[in-house]
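Colleague: Put chain B on the given structure of chain A with help from the hints.
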Amino acid sequence: MSDDYTLAELMCVVAAREMPQTGVVMLGMGLPVLAGTLAKLMHAPGISLCTEVGAFDWAPAPDVTRAPVGIHDLILNDGSAMVGDMVDALGSLLMGGNVDVGVLGAAQMDRFGNLNALCLGDYLNPERRLGGTGGNTEIACLAKRVLSIMPQERRRFVPRVDFNTSPGYIDGPGARRTAGLAPQGPNRVVSTFGVFGFDTPDGGESGSCEMVLEAVFPNMAPDVVQIETGWELRVSDNVAEIAPPTDEELALLRRLDPHHFYLTPGRY
Amino acid sequence: MSEHEAVERFVEDGDSVYVGYTSVAYGLTHEIIRQKRRNLECLGGSVGPQATLLFMAGCSNRVRSGYIAGALRPGAVTEMMNDGRLQFEDYSNQAIALMLMAGALGIPFIPTRSFLGTDYLSPEYQEHPGGIPGYKKWEVMDSPFDGQKVVLLPALKPDVAILHAHRADEDGNVQLWGHMGDAKWAFWAAKKPIVSVEEIVSRDVIRADPGRTVVPGFRVAAVVHMPWGAHPSPFVGHYDADYAFHAKEMSHIGQAEGYEAFAAEWIHGVEDRADYIRKYVDTFGKDALDAFRADTGPWPEPDVSYAHASHLRFRMPEKDAP
Numbered sequence: 001m002s003d004d005y006t007l008a009e010l011m012c013v014v015a016a017r018e019m020p021q022t023g024v025v026m027l028g029m030g031l032p033v034l035a036g037t038l039a040k041l042m043h044a045p046g047i048s049l050c051t052e053v054g055a056f057d058w059a060p061a062p063d064v065t066r067a068p069v070g071i072h073d074l075i076l077n078d079g080s081a082m083v084g085d086m087v088d089a090l091g092s093l094l095m096g097g098n099v100d101v102g103v104l105g106a107a108q109m110d111r112f113g114n115l116n117a118l119c120l121g122d123y124l125n126p127e128r129r130l131g132g133t134g135g136n137t138e139i140a141c142l143a144k145r146v147l148s149i150m151p152q153e154r155r156r157f158v159p160r161v162d163f164n165t166s167p168g169y170i171d172g173p174g175a176r177r178t179a180g181l182a183p184q185g186p187n188r189v190v191s192t193f194g195v196f197g198f199d200t201p202d203g204g205e206s207g208s209c210e211m212v213l214e215a216v217f218p219n220m221a222p223d224v225v226q227i228e229t230g231w232e233l234r235v236s237d238n239v240a241e242i243a244p245p246t247d248e249e250l251a252l253l254r255r256l257d258p259h260h261f262y263l264t265p266g267r268y
Numbered sequence: 001m002s003e004h005e006a007v008e009r010f011v012e013d014g015d016s017v018y019v020g021y022t023s024v025a026y027g028l029t030h031e032i033i034r035q036k037r038r039n040l041e042c043l044g045g046s047v048g049p050q051a052t053l054l055f056m057a058g059c060s061n062r063v064r065s066g067y068i069a070g071a072l073r074p075g076a077v078t079e080m081m082n083d084g085r086l087q088f089e090d091y092s093n094q095a096i097a098l099m100l101m102a103g104a105l106g107i108p109f110i111p112t113r114s115f116l117g118t119d120y121l122s123p124e125y126q127e128h129p130g131g132i133p134g135y136k137k138w139e140v141m142d143s144p145f146d147g148q149k150v151v152l153l154p155a156l157k158p159d160v161a162i163l164h165a166h167r168a169d170e171d172g173n174v175q176l177w178g179h180m181g182d183a184k185w186a187f188w189a190a191k192k193p194i195v196s197v198e199e200i201v202s203r204d205v206i207r208a209d210p211g212r213t214v215v216p217g218f219r220v221a222a223v224v225h226m227p228w229g230a231h232p233s234p235f236v237g238h239y240d241a242d243y244a245f246h247a248k249e250m251s252h253i254g255q256a257e258g259y260e261a262f263a264a265e266w267i268h269g270v271e272d273r274a275d276y277i278r279k280y281v282d283t284f285g286k287d288a289l290d291a292f293r294a295d296t297g298p299w300p301e302p303d304v305s306y307a308h309a310s311h312l313r314f315r316m317p318e319k320d321a322p
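Heads up: the protein sequence lines correspond to chains A and B, in order.
The opening residue of the first sequence carries number 1 in our numbering; numbering runs sequentially from there.
The opening residue of the second sequence carries number 1 in our numbering; numbering runs sequentially from there.
For reference, chain A alone in the conformation it holds in the complex (with noise of 0.2 Å):
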């Protein structure tokens, strides 16, 4: 075990162990495709990593230099079952229902899991613009399960998002219903403290539908991820504690990331 680690290193980590060991998952932009890179690698072979822009089920050589550098990186073309379009990927295979889970980051989230990837502020008189959703609504709206993967910063885990480009549940039980989506979950969320699952047994029919502290990176105890989320937090009767990263999951995910595209060395 190594303890000389940062906390989004650990981050991109765990957010790897979080994935599935088998079915298909999309990965949006940005730290999404280190971990399921590092995922594919490592603890699950079995996966079919896929991306909007068009790769379908990319098999990484065992010896590769690097993660796809954004979801539009050539190295996603070398190596994958099928290369085809958005409308093959965000339509037939997302759309179609054969997305098992969405990997998601995005600038803010809330305490019912919707992102925001638009705007800080108010959507009519923004304090600051974003690049925008790319496709990160259409996963949210429409995989089986979301893992969103989210540096754990106050000004990040607001009580409400300023604009939600991408529904977690929404405003509570029964919401994703209502708004003609289907039930999603048990949804995930990994930040730079530790693993969040959501209080709803049936994908947001019923429970609070609310984010659950339920694990915490090593010497990290709950009240401090409280200081650093926006609203009072639910924590589950036995939190766990995360293991650190292994030197072998260390070592791949640095190879990963050769020119720390994804992790600036020292931040968090």
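No lab work stands behind these hints, which were simulated from the structure alone.
It cannot be assumed that every hint is accurate.
As the list claims (entries may be wrong) - Derived Cβ-Cβ restraints for the label pairs, each shown as a range:
| id | chain 1 | residue 1 | chain 2 | residue 2 | range |
| --- | --- | --- | --- | --- | --- |
| 1 | A | Pro-201 | B | Pro-144 | 29 to 37 Å |
| 2 | A | Gly-97 | B | Asp-142 | 16 to 24 Å |
| 3 | A | Ala-221 | B | Ser-143 | 45 to 53 Å |
| 4 | B | Gln-126 | A | Pro-201 | 33 to 41 Å |
Built from N, CA and C at the ideal position, the CB exists for glycine as well.
Modeller: Showing chain B alone in chain A's frame:
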């Protein structure tokens, strides 16, 4: 056809232009800026720095997209969006892909199950500062067949699509492969697809491998032979992204001074893409250009066969009597 002629003949002021995110036609983008087209609308599921160049150059004042790379960092593009100089409507990657598909299919709208449950559909946001006046963006309805809630999106039929592709023949048949975002539907939706290609090949090459043709010549307005036409964007089979060029030359194109400096040197300072590449080699050396040429090849060359039996037999031969 030269890039000068293609843009001069087929891109008009006020045109809507698909610019895309994969198969980025940077060479054609630069030519549009040299020819000072005005009031263009940029379209694409995600639009990258090539759209930022068009906004900064004053060529484009409107955008419909799911991701605007130029708005990622505060700067001139977000200022233009805030003060109305750049009109915008926010969609998503899937929405634009489906809207182009509807345009290609000749149908007026297309339903999606995306956007349900999001704030995009909130009544208070349907008219917003910087929005396109009088534009009907979508409509939520229950399916007349099974009652399922859907969002109807209007068809997109861009006046022009600029795209970079692998190769074309003398008839304008265009081949493109690899993951391709929403490019394929843009070829079919656009009234005037303008395609730059790495290679011009003979008819035989195209017709020996027709599965890789994404649009036949009769649907293409212009083909321009333009090696390195996507640089500094990546182009599968030929070259990877030139991140160093992005970092050194293009990192400040979202600010007026940074844009002016880049444009003076790399857009207005050259005649065409061939001249741009000569300048690149003169400035950074041949090795810099060669450094990101495609050089991997762990997989065997694809052996694509479209062979068939040369003589069809419709009747079984008579069996010899026992």
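Colleague: All hints are to be evaluated individually against the structure, with a verdict given for each.
Modeller: Here is how each hint holds up against the structure:
For Pro-201 of chain A and Pro-144 of chain B, the hinted distance range of 29 to 37 Å is satisfied, since their beta carbons lie about 34 Å from each other. Separated by about 19 Å at the C-beta atoms, Gly-97 of chain A and Asp-142 of chain B satisfy the suggested range of 16 to 24 Å. The given range of 45 to 53 Å is respected by Ala-221 of chain A and Ser-143 of chain B, whose C-beta atoms sit roughly 50 Å from each other. Gln-126 of chain B and Pro-201 of chain A have their C-beta atoms about 36 Å apart, which keeps the hinted 33 to 41 Å range intact.
Hint compliance for this structure: every hint is met.
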